[in-house]
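Each chain, letter by letter, is given below.
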Amino acid sequence: NAGVTQTPKFQVLKTGQSMTLQCAQDMNHNSMYWYRQDPGMGLRLIYYSASEGTTDKGEVPNGYNVSRLNKREFSLRLESAAPSQTSVYFCASSEFSRGSWPQHFGDGTRLSIL
Amino acid sequence: GENVEQHPSTLSVQEGDSAVIKCTYSDSASNYFPWYKQELGKRPQLIIDIRSNVGEKKDQRIAVTLNKTAKHFSLHITETQPEDSAVYFCAASSTNTGNQFYFGTGTSLTVIP
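The listed protein sequences correspond, in order, to chains P and D.
This note's numbering numbers the first residue of the first sequence as 1 and each following residue consecutively.
This note's numbering numbers the first residue of the second sequence as 1 and each following residue consecutively.
Be careful, since some hints might not be right.
Below, a sample of chain D positions facing chain P; criterion: calculated Cβ distance under 8 Å [said to hold, decoys possible]:
#1 S28
#2 A29
#3 Y32
#4 P44
#5 I47
#6 D49
#7 K57
#8 T95
#9 F101
#10 F103
#11 G104
#12 T105
None of these hints come from the bench; they were simulated from the model.
Beta carbons are placed, not taken as given, at the ideal position from N, Cα and C, and that holds for glycine.
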């Protein structure tokens, strides 16, 4: 099993461009999450999807949109990229959102916005 | 929302010594506390977790303790080895908030051979 797979691994954008980060999991997990990781700030939740068909905002949702395409896939979209969105983005999944469940992370997407 | 503080931000120990990383949290409803290890350029990986109905949990050289009254929890690594060098993150979550994880800012551990 691949676990959580993110594409692309690296991307450079110009300010104002748009792009979609893809995430897929093969663990039959119900819940999926998008985080950004910045130096000295740990991981911060952008959006999450407790189950197929639902999405909710996390700590830092501004400038992002998400789509839970099906149970396996959860994408993150930057409509108009800004330099402040330069970061490493991690997707994660957990079996459920109710209760206490570990989250399993993908390898990350390193995004630079010029 | 929840606020998780983690200390120290950097830690250097001699190989074979113990390392302790501490975290505090603010939301008394938090009931799940995982610890993640992240090597340079890699994904965070779960190394141990503890639930609020347990005070201590061990897994070989790694242990986590939880003090619900004081709202703090700690990671203990004994007999450290160079491969323990990494950034460690604590997190807290509550069943009330959709299993959202609130992460500490990380501790960079260096084990000196």
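- Message: Does D/F101 hold up as a contact with chain P if the rule is Cβ-Cβ below 8 Å?
- Response: holds (6 Å)
- Once the shortest beta carbon distance from D/S28 to chain P is found, is it less than 8 Å? Hint violated; D/S28 Cβ to chain P Cβ min 15 Å, cut 8 Å.
- Can the hint on D/Y32 be confirmed by a CB-to-CB distance to chain P that is less than 8 Å? Given a least distance of 3 Å, the restraint on D/Y32 holds.
- Task: May I ask you to test the interface hint for D/T95 with respect to chain P, counting a Cβ-Cβ separation under 8 Å as satisfied?
- Result: holds (6 Å)
- Query: Quick one, is the D/K57 hint okay against chain P at 8 Å, beta carbons?
  - Reply: violated (13 Å)
- Against chain P, is D/P44 within 8 Å by beta-carbon distance? holds (5 Å)
- D/T105 as chain P interface residue, shortest Cβ-Cβ below 8 Å: holds (4 Å)
- Query: Going by Cβ atoms only, is D/D49 closer than 8 Å to chain P?
  - Reply: holds (6 Å)
- Query: Can we keep the D/F103 interface hint, with Cβ of chain P closer than 8 Å?
  - Reply: Since the shortest Cβ distance to chain P is 4 Å, the answer is holds.
- Regarding the hint that D/I47 lies at the interface with chain P, is the smallest CB-CB distance below 8 Å? violated (10 Å)
- Is the interface hint for D/G104 satisfied, with its Cβ closer than 8 Å to some Cβ of chain P? holds (6 Å)
- With a cut-off of 8 Å, does the beta carbon of D/A29 approach a beta carbon of chain P closely enough for the hint to hold? The hint is violated - D/A29 has no Cβ within 8 Å of chain P, the shortest such distance being about 12 Å.
In terms of the numbered hints stated before, the structure departs from hints 1, 2, 5 and 7, listed from lowest to highest.
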